[in-house]
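Below are the chains, spelled out letter by letter.
There are 2 protein chains.
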Amino acid sequence: MSHPYRPRPISGFPELLPEVRLVEQAYLDKIRRTFERHGFASIETPSVEELDVLLAKGETDKEIYVLERLQADDASAKDARLGLHYDLTVPFARYVAQHFNELTFPFKRYQMQRVWRGERPQEGRYREFQQCDVDVIGVDNLALSFDADIPAVAMEAIKSLGVDDVRLHVSNRKILDGYLQVLGIEDRVTAIRWLDKLDKLGNVPVVAGLAAAGIEFEAAAAAVALAAIPVGDPAWADKARKLAAQSNTTFDTGVEELTTVLDTLAALGIDNVAADLSLARGFDYYTGSVYEGRFINYPGYGSVVAGGRYDDLAGSFINKKLPGVGISLGFSRLFAKLQAEGRLPIGPSTPTQVLVALPSDERRALALATAKQLRDRGLNVEIYHAPQKLARQLTYAEKKGIPFVWFPPFDDDGKHEVKDMGAKTQSEADPRTWNLPA
Amino acid sequence: MSHPYRPRPISGFPELLPEVRLVEQAYLDKIRRTFERHGFASIETPSVEELDVLLAKGETDKEIYVLERLQADDASAKDARLGLHYDLTVPFARYVAQHFNELTFPFKRYQMQRVWRGERPQEGRYREFQQCDVDVIGVDNLALSFDADIPAVAMEAIKSLGVDDVRLHVSNRKILDGYLQVLGIEDRVTAIRWLDKLDKLGNVPVVAGLAAAGIEFEAAAAAVALAAIPVGDPAWADKARKLAAQSNTTFDTGVEELTTVLDTLAALGIDNVAADLSLARGFDYYTGSVYEGRFINYPGYGSVVAGGRYDDLAGSFINKKLPGVGISLGFSRLFAKLQAEGRLPIGPSTPTQVLVALPSDERRALALATAKQLRDRGLNVEIYHAPQKLARQLTYAEKKGIPFVWFPPFDDDGKHEVKDMGAKTQSEADPRTWNLPA
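Heads up: the sequence lines are chains H and P, in that order. Under full-length UniProt numbering, the first residue of the first sequence is numbered 1, with each subsequent residue one higher. Under full-length UniProt numbering, the first residue of the second sequence is numbered 1, with each subsequent residue one higher.
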């Protein structure tokens, strides 16, 4: 037999065995249920956007994949160039602008799709991965209460997976922004990009980087001092105010907003939330609250959830003021770590709950009828495919992790029996009434 | 405000408004439930495959999209070229070969993912679309009963959507293959590709095409005669045997298999099934049963479900005999037609079942607690975002199609009330016990 090509994994494009996929599916279902229970509507956007849309915010560091047709002809050269989306925020902003007249605001949506980035793959970083985003967008203004609702929903979704060691770091871009104004630092975008690296690089290299970017040493050191207030310090507001020394409207608003958001998150009963003034989020479209959730147990692993408030993202595409706040749950990254740490409840490799054994070809009709009776009550049922020895049929069930094997009677006088593969017990049963043990 | 780019739809990449997406989601859930109820396990494969895999069966007419990194560097030139998959069958075959030692056979999987083809978009034909595939693959052999099970599951899935006007056309490649042998036609692949066009072109052009391909006129006319046996003719087997005149093992096996498959489908209670000897399916990897489902009411629309048995698809990648049978439900094509014909039950634009009104900012905590009580019992609940006039809050619910609005008491002596937006009735209710009317 010819096999011209021996398949191998493609680096950065993970795929799962059925038993792991079943867990992934259950987790995605739970996340979806949480989003829906909070009234978010699902949307999906195409996997591609025109390159102009992907580049509208000047994001060129996202390693976009561009599509080329293998058999491109002259006609296709006129088509706009298409790139795979690298996140779900930009497509959402484009969606809102495009369908503005057909949506009711505040528009609350969730979106669970794959995204692509042509980066070098590494632990927790893929070229194709799944994001689960929740965002809300309003017209002209958007209540501050959403700045707590959105991360609360994300944290609840994570908790629904049985994961309780993700800590949400929260800050507000206005704090840093106002503070940098006070310090007289003009190029705040550059400064924030440097401060965002504090975590990875440490204080000294960031001060040096800021200085190299033309910021006076004293101001650079003061900037780092604010970011160095310990994560979760209950006195963060007082300490920040003391460092700022003089009043500044942006700064004051930021401190107030962050205080409100933290208080609301506490009132909503969300655990593991901490003020973190070092949090900047490199993306320049955030304008208020910013969030980042990380594993407490794996501090070096990077964020598994991130987001914030943006004032004019959809406004890049339409002449409206459309403030929004959103968060993105990095599902693939979260899931991969849980898998690597052996924290997934991996079980069967099939959703089948009952395998109906096939006693003989003559009794196939009986097996079919039995399976139908069980399925009609919502059970997942398959019929063994050939009248082989029962030992072989049981081995098949065992290998796939099917919890129950059903034996239709071998002759007209016999009774139906069902075997519990875990408890290794077998008993008479009626296919019209039998159900899974609770 | 700057808006450098005014967004517009991308031809061939459809996207849905929330109220349509909600129906799509419900339909996909039903299809998934049907697949699982029959014991098929979910897998997903990456959106890309190496080009060598995509081209392994010589399929160059599928208009593959190849990925290029926007910021490609010298290092990336060494990477294998990746293309977006154009169906889910080739990735599945590759998956089975790659994970052969980790799977239990017969391996029954379903796969619901997007696929891409860079074709010119037209009615029901997109560049990005959703397929829902069910396949089973065995080692060395695979029971013929699966040739009925697989299309039965697909037809049941379609029926679960309330769609009962799709007819399944069934044939067996061995019939045509053996028949062409009898006729002395050697280039059977070319002949079958021509016969596959009978539907679109009619008899005369196909006879002419066959003749032009070097097939004698008489043989060409005889080939067309078999394919011209009316769809669903109960006497198809006798008529076919009469046309074949002489015995041929391949032909006889094909007639026997098709008879068995049709009988089994009838025994499984699947309606709208018809023998159709004109059915060839251009793909050259089918070796036995072939299926194609089309709307009875829209005969020109093309197939919404298609598949068949293949003997060596995974064998392209591994030195094993891995026969399989599968079917692909063209979800996007099916859904688009239902939408175009006004057959979708389009309702609310949100999954929210209860909107909790916000009487005042002071009573936000009460609204939150009320929402939590309702959510804890599984209801989808949102809280209105600002203490605006009740009329405005009701308008929001109405616009989004939220069926119930909950009024927490305005003062401590008041009672909770709930308004049924459809029935326009309002009554006292307890958030700890209230449920949706059955």
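Where hints are given, some of them may not hold.
Identical copies look the same in the list; a pair holds intra-copy or inter-copy alike.
What the hints assert, rightly or not - Subject to a maximum C-alpha distance of 30 Å in a straight line, what follows is the list of computed DSSO-like cross-link-like pairs (lysine-lysine):
1. Lys321 - Lys399
2. Lys30 - Lys320
3. Lys321 - Lys242
4. Lys159 - Lys30
5. Lys159 - Lys372
6. Lys399 - Lys30
7. Lys320 - Lys372
8. Lys30 - Lys372
9. Lys320 - Lys389
10. Lys30 - Lys57
11. Lys321 - Lys389
12. Lys57 - Lys415
13. Lys30 - Lys415
14. Lys320 - Lys399
15. Lys321 - Lys200
Think of the hints as simulated: they come from the structure by calculation, not from any bench.
Cross-check of the supplied hints:
no., hint, in the structure
1, Lys321 - Lys399, "between (58 Å within a copy, 21 Å between copies)"
2, Lys30 - Lys320, "neither (35 Å within a copy, 39 Å between copies)"
3, Lys321 - Lys242, "neither (34 Å within a copy, 75 Å between copies)"
4, Lys159 - Lys30, "both (10 Å within a copy, 27 Å between copies)"
5, Lys159 - Lys372, "between (37 Å within a copy, 16 Å between copies)"
6, Lys399 - Lys30, "both (27 Å within a copy, 28 Å between copies)"
7, Lys320 - Lys372, "neither (56 Å within a copy, 34 Å between copies)"
8, Lys30 - Lys372, "both (29 Å within a copy, 17 Å between copies)"
9, Lys320 - Lys389, "between (71 Å within a copy, 24 Å between copies)"
10, Lys30 - Lys57, "neither (33 Å within a copy, 39 Å between copies)"
11, Lys321 - Lys389, "between (70 Å within a copy, 23 Å between copies)"
12, Lys57 - Lys415, "neither (70 Å within a copy, 50 Å between copies)"
13, Lys30 - Lys415, "neither (40 Å within a copy, 33 Å between copies)"
14, Lys320 - Lys399, "between (58 Å within a copy, 21 Å between copies)"
15, Lys321 - Lys200, "neither (35 Å within a copy, 52 Å between copies)"
Going down the numbered hints, you'll see the structure goes against 2, 3, 7, 10, 12, 13, 15, while the others check out.
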